[in-house]
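**Student:** Sequence:
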Amino acid sequence: MPNFTKSQQQAIHDRHKRILVSASAGSGKTTVLVQRVIELVESGVNIDSLLVVTFTDAAAKNMRDRIRKALMKASMDQSRSKEERDQMRAQVNRLAVAHISTIHSFCRQLISQYYYRVKLDPSSRLLTDDTEREL
Numbered sequence: 000m001p002n003f004t005k006s007q008q009q010a011i012h013d014r015h016k017r018i019l020v021s022a023s024a025g026s027g028k029t030t031v032l033v034q035r036v037i038e039l040v041e042s043g044v045n046i047d048s049l050l051v052v053t054f055t056d057a058a059a060k061n062m063r064d065r066i067r068k069a070l071m072k073a074s075m076d077q078s079r080s081k082e083e084r085d086q087m088r089a090q091v092n093r094l095a096v097a098h099i100s101t102i103h104s105f106c107r108q109l110i111s112q113y114y115y116r117v118k119l120d121p122s123s124r125l126l127t128d129d130t131e132r133e134l
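Residues in the sequence shown are numbered consecutively from 0, following numbering that gives the first Met the number 0.
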């Protein structure tokens, strides 16, 4: 495990509150968030009950890949009990439906799911950049 700064440790370990991790590129944001997610899962939280959002598709994919790798590693860790390893394997399976995405994708999903609450036509769709320019 990396040596985390005091601020990073706080972001990893603070519980019962929402957090925002904001820092420059290469500062360890993804590593901190992955560690937070893994520790939450180890404490019994299901991965698909968390909302993890970022700003780019590449960052969301990177986050999902790192979480998968950490869960897989934990699921094969022989120092863990069989129950703990089984729990980690179950979380790998739940990862497919976990909310790890861009903020835009998450909002689009919510609007698509609850279009009737916001009085939106269910056949509506996002404009592509080309269509937007044409209009």
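Treat the hints as calculated values from the structure; they're not laboratory data. Fair warning: there could be bad hints in the mix.
To be verified - In silico BS3-like cross-links for lysine-lysine, where the CA-CA straight-line distance does not exceed 30 Å: (1) K60 x K72; (2) K81 x K118; (3) K118 x K28; (4) K118 x K68; (5) K28 x K16; (6) K60 x K5; (7) K28 x K5; (8) K28 x K72; (9) K28 x K60; (10) K5 x K16; (11) K5 x K72; (12) K72 x K118; (13) K81 x K68; (14) K16 x K68.
To be verified - Here are the computed distance ranges between Cβ atoms for each label pair: (15) S104 x E131: 35 to 41 Å; (16) P121 x D85: 21 to 27 Å; (17) S21 x L49: 14 to 20 Å; (18) S80 x T127: 26 to 32 Å.
In this text, all values refer to a predicted model and were calculated from it rather than measured experimentally. Every residue, glycine too, gets a C-beta built ideally from N, C-alpha and C.
**Student:** Each hint should be assessed against the structure and marked as holding or not.
**Tutor:** For each hint, the structure was consulted:
1. K60 x K72: holds, 18 Å
2. K81 x K118: Violated: K81 and K118 sit about 49 Å apart, past 30 Å.
3. K118 x K28: Roughly 37 Å between the alpha carbons, so the hint for K118 and K28 is violated.
4. K118 x K68: violated, 41 Å
5. K28 x K16: Given that 30 Å is the threshold and the Cα spacing comes to 18 Å, the pair holds.
6. K60 x K5: holds, 27 Å
7. K28 x K5: holds, 14 Å
8. K28 x K72: It holds: about 20 Å lies between the C-alpha atoms, which stays within 30 Å.
9. K28 x K60: Status holds; Cα separation ~14 Å.
10. K5 x K16: holds, 18 Å
11. K5 x K72: Holds. K5 to K72 sits at ~26 Å (cutoff 30 Å).
12. K72 x K118: violated, 45 Å
13. K81 x K68: holds, 19 Å
14. K16 x K68: holds, 26 Å
15. S104 x E131: 35 to 41 Å: violated, 18 Å
16. P121 x D85: 21 to 27 Å: Given a distance of about 40 Å, which is not inside 21 to 27 Å, the answer is violated.
17. S21 x L49: 14 to 20 Å: holds, 19 Å
18. S80 x T127: 26 to 32 Å: violated, 51 Å
In summary, the structure is inconsistent with hints 2, 3, 4, 12, 15, 16, 18 from the numbered list given earlier, while agreeing with the others.
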